[in-house]
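A.B. asks: As given, the protein sequences belong to chains P and A, one line each in that order.
Heads up, the final residue of the first sequence is numbered 332 in numbering that gives the first Met the number 0, and it's a clean run with no missing numbers.
Heads up, the final residue of the second sequence is numbered 332 in numbering that gives the first Met the number 0, and it's a clean run with no missing numbers.
Keep in mind that the hints were calculated from the coordinates and are not lab data.
Please note: incorrect hints may appear among the correct ones.
A pair counts as met if it fits within one copy or between any two copies, since identical chains are not told apart.
Pairs of lysine to any residue residues, derived as SDA-like cross-links and limited to a Cα-Cα distance of at most 20 Å, are as follows [claimed, not checked]:
(1) 299 with 234
(2) 307 with 290
(3) 201 with 49
(4) 201 with 19
(5) 201 with 48
(6) 227 with 253
(7) 299 with 200
(8) 239 with 160
There are 2 protein chains.
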Amino acid sequence: MNGARSPPPPYNALMRENDFVSWISNQMPTSPLVPIGIGDDMAAVSTGLSISNPAARPFVLLKIDQALDKVHFDSATHSPRQMGRKAVNRCLSDCAAMACRPRAILISVALPDTATEAFARELFLGARDAAAVFDCPVVGGDTAVWNQRLAITVAAMGVTGNQPVRRCGAKPGDIVCVSGLLGGSILGRHMGFTPRIALAQKLTEIADIHAMMDISDGLAMDFPRLMKASSCSGVIDAAKLPVHPDAHTLSQSDGQPAWRHALSDGEDYELLFTIPPSAAAGLVGVQSIQADVPITAIGKVSSEGPLKLLLPDGSTEDWPRGGWEYAGTGDAK
Amino acid sequence: MNGARSPPPPYNALMRENDFVSWISNQMPTSPLVPIGIGDDMAAVSTGLSISNPAARPFVLLKIDQALDKVHFDSATHSPRQMGRKAVNRCLSDCAAMACRPRAILISVALPDTATEAFARELFLGARDAAAVFDCPVVGGDTAVWNQRLAITVAAMGVTGNQPVRRCGAKPGDIVCVSGLLGGSILGRHMGFTPRIALAQKLTEIADIHAMMDISDGLAMDFPRLMKASSCSGVIDAAKLPVHPDAHTLSQSDGQPAWRHALSDGEDYELLFTIPPSAAAGLVGVQSIQADVPITAIGKVSSEGPLKLLLPDGSTEDWPRGGWEYAGTGDAK
Numbered sequence: 000m001n002g003a004r005s006p007p008p009p010y011n012a013l014m015r016e017n018d019f020v021s022w023i024s025n026q027m028p029t030s031p032l033v034p035i036g037i038g039d040d041m042a043a044v045s046t047g048l049s050i051s052n053p054a055a056r057p058f059v060l061l062k063i064d065q066a067l068d069k070v071h072f073d074s075a076t077h078s079p080r081q082m083g084r085k086a087v088n089r090c091l092s093d094c095a096a097m098a099c100r101p102r103a104i105l106i107s108v109a110l111p112d113t114a115t116e117a118f119a120r121e122l123f124l125g126a127r128d129a130a131a132v133f134d135c136p137v138v139g140g141d142t143a144v145w146n147q148r149l150a151i152t153v154a155a156m157g158v159t160g161n162q163p164v165r166r167c168g169a170k171p172g173d174i175v176c177v178s179g180l181l182g183g184s185i186l187g188r189h190m191g192f193t194p195r196i197a198l199a200q201k202l203t204e205i206a207d208i209h210a211m212m213d214i215s216d217g218l219a220m221d222f223p224r225l226m227k228a229s230s231c232s233g234v235i236d237a238a239k240l241p242v243h244p245d246a247h248t249l250s251q252s253d254g255q256p257a258w259r260h261a262l263s264d265g266e267d268y269e270l271l272f273t274i275p276p277s278a279a280a281g282l283v284g285v286q287s288i289q290a291d292v293p294i295t296a297i298g299k300v301s302s303e304g305p306l307k308l309l310l311p312d313g314s315t316e317d318w319p320r321g322g323w324e325y326a327g328t329g330d331a332k
Numbered sequence: 000m001n002g003a004r005s006p007p008p009p010y011n012a013l014m015r016e017n018d019f020v021s022w023i024s025n026q027m028p029t030s031p032l033v034p035i036g037i038g039d040d041m042a043a044v045s046t047g048l049s050i051s052n053p054a055a056r057p058f059v060l061l062k063i064d065q066a067l068d069k070v071h072f073d074s075a076t077h078s079p080r081q082m083g084r085k086a087v088n089r090c091l092s093d094c095a096a097m098a099c100r101p102r103a104i105l106i107s108v109a110l111p112d113t114a115t116e117a118f119a120r121e122l123f124l125g126a127r128d129a130a131a132v133f134d135c136p137v138v139g140g141d142t143a144v145w146n147q148r149l150a151i152t153v154a155a156m157g158v159t160g161n162q163p164v165r166r167c168g169a170k171p172g173d174i175v176c177v178s179g180l181l182g183g184s185i186l187g188r189h190m191g192f193t194p195r196i197a198l199a200q201k202l203t204e205i206a207d208i209h210a211m212m213d214i215s216d217g218l219a220m221d222f223p224r225l226m227k228a229s230s231c232s233g234v235i236d237a238a239k240l241p242v243h244p245d246a247h248t249l250s251q252s253d254g255q256p257a258w259r260h261a262l263s264d265g266e267d268y269e270l271l272f273t274i275p276p277s278a279a280a281g282l283v284g285v286q287s288i289q290a291d292v293p294i295t296a297i298g299k300v301s302s303e304g305p306l307k308l309l310l311p312d313g314s315t316e317d318w319p320r321g322g323w324e325y326a327g328t329g330d331a332k
């Protein structure tokens with residue numbers, strides 16, 4: 000008699016992506032030609048011709064990222080220009096996270112068989128214009144047609160004259176900072192944000208940024224990633240979170256505190272970074288760094304113990320599980 | 000009274016991709032930082048920090064390419080390892096076409112929500128192993144889950160110590176050559192081919208390769224692309240086409256001449272290139288270049304006039320329209 004077997008678990012469990020990235024990373028041998036491999040916002044790869052002298056030629060930074068219909072945008076609501084732009088801007092946000100300059104964009108589009116040529120052209124123009132904001136050309140692409148939904152995949156190549164800023168450099172005692180205002184991006188900002196490339200350049204000129212990433216899945220998901228990469232722990236002060244008006248709007252309709260939205264909503268595409276305390280005075284609250292993009296100190300890095308959230312009433316709680324991750328629900332963000 | 004309007008034409012008309020690539024290419028300004036832009040097998044991009052001195056740092060070669068379920072493979076038939084491998088090998092075939100060395104692979108996977116984690120892992124291992132054949136690491140990736148079919152997108156970064164071989168360098172009088180045997184790939188070779196990276200390296204060491212590309216959509220589609228890029232015309236001798244046994248097998252079942260399959264079937268992933276007549280003696284039919292991969296002279300480049308096909312009976316016909324292009328039929332190749 001055959002025993003009934005339970006089916007294997009589906010891939011799309013919350014938090015599963017972190018495990019998968021760790022697993023993949025362990026499958027790749029380290030190489031002197033790849034100073035930064037899987038697990039950071041971008042990889043760094045030597046352009047050297049020989050493995051014996053990888054530093055003889057500069058490295059480039061590389062990233063790939065996809066944007067899917069009904070997951071990252073909704074083709075029933077958003078225009079092809081908006082969708083092309085968002086797909087590129089998501090990838091450029093990773094260039095900001097590494098404080099590099101994007102130098103080339105590649106875009107691959109799986110078009111539904113109902114799409115017109117005008118649709119495909121508009122989508123490309125949205126992608127081109129998003130990259131052109133940063134003097135970055137679209138240098139290659141691929142189109143195919145299928146009877147499924149629209150899928151856009153973008154790859155970026157970036158360069159930097161300095162060492163790129165990684166996730167792994169945070170140190171105990173560092174101040175945790177974010178750019179801009181957080182939460183409620185789903186009300187529309189997730190389609191129209193500006194990647195913080197210019198801001199990242201300025202930050203690295205002014206201060207010694209120890210670790211940085213962009214907040215794409217929400218602070219609740221991404222802060223633990225930054226701390227794990229740096230083998231550190233830390234605390235975030237909920238009362239200090241820079242809450243976007245959109246988070247207040249959501250708060251009024253669902254009764255959640257606005258700071259919870261700032262903590263857990265996804266797709267802020269702001270910068271999350273740590274700096275030594277001595278650098279805080281030159282950055283936090285300084286108006287001149289970039290107009291309309293505040294820098295806010297929201298927490299502190301520590302050496303060990305569980306991640307903590309300091310609540311507005313003065314109590315602490317363990318770090319909330321979750322935050323927002325694409326979980327295959329088919330809901331458009 | 001509103002007049003009835005006919006709907007705009009769908010994107011997926013045969014041959015439309017050529018027009019779309021031309022249109023996109025015209026939307027991008029030329030830049031000294033992009034010595035090779037849209038329209039070749041890979042783009043070349045300077046890693047220079049400043050536009051004023053683009054040659055101060057080397058360029059890299061970049062490519063993006065997608066492989067879709069029921070278009071480029073069939074998830075009902077093929078294993079995740081096979082699908083991951085093919086997606087990477089398609090991109091590596093473009094590295095061969097430019098005679099560059101692949102230095103990094105990025106892979107983005109849109110998983111159906113029924114996929115297991117084991118499936119995702121197997122797919123990644125197929126991709127990793129395909130790249131490892133050429134000492135090329137997978138340096139980055141992205142996974143997302145949706146309720147649509149599997150889509151895999153791969154980007155490649157390559158380097159070269161020489162100038163890459165482009166499509167645009169063919170000259171009147173050149174001999175047209177192909178590697179390997181053509182036709183009938185759909186019987187299985189399209190899933191298990193070896194990108195001709197090693198062969199391309201050897202060819203460029205031995206001879207002055209004027210123009211090169213890989214045959215992915217079939218010679219009937221790709222030879223006109225090579226000639227158009229070089230502003231040349233040419234003739235192919237059907238009797239000289241190196242016909243694969245698989246093409247003979249298809250010929251027996253459908254009654255088409257086997258050379259028609261060699262001419263028009265897609266996904267050969269062989270090299271198509273032109274050389275000066277003086278170089279032919281050192282390449283064509285020479286056994287030592289790469290074992291089991293013959294180099295065959297199949298035609299000649301001319302300066303003008305329509306492309307011609309010399310038939311086995313000695314007559315000529317105008318170049319057949321079509322060849323094989325992904326046309327959104329949903330049929331797996």
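A.B. asks: Starting from the hint list further up, note which numbers the structure goes against and sort them upward.
C.D. replies: When the structure is compared with the hints, numbers 2, 4, 6, 7, 8 turn out to be violated.
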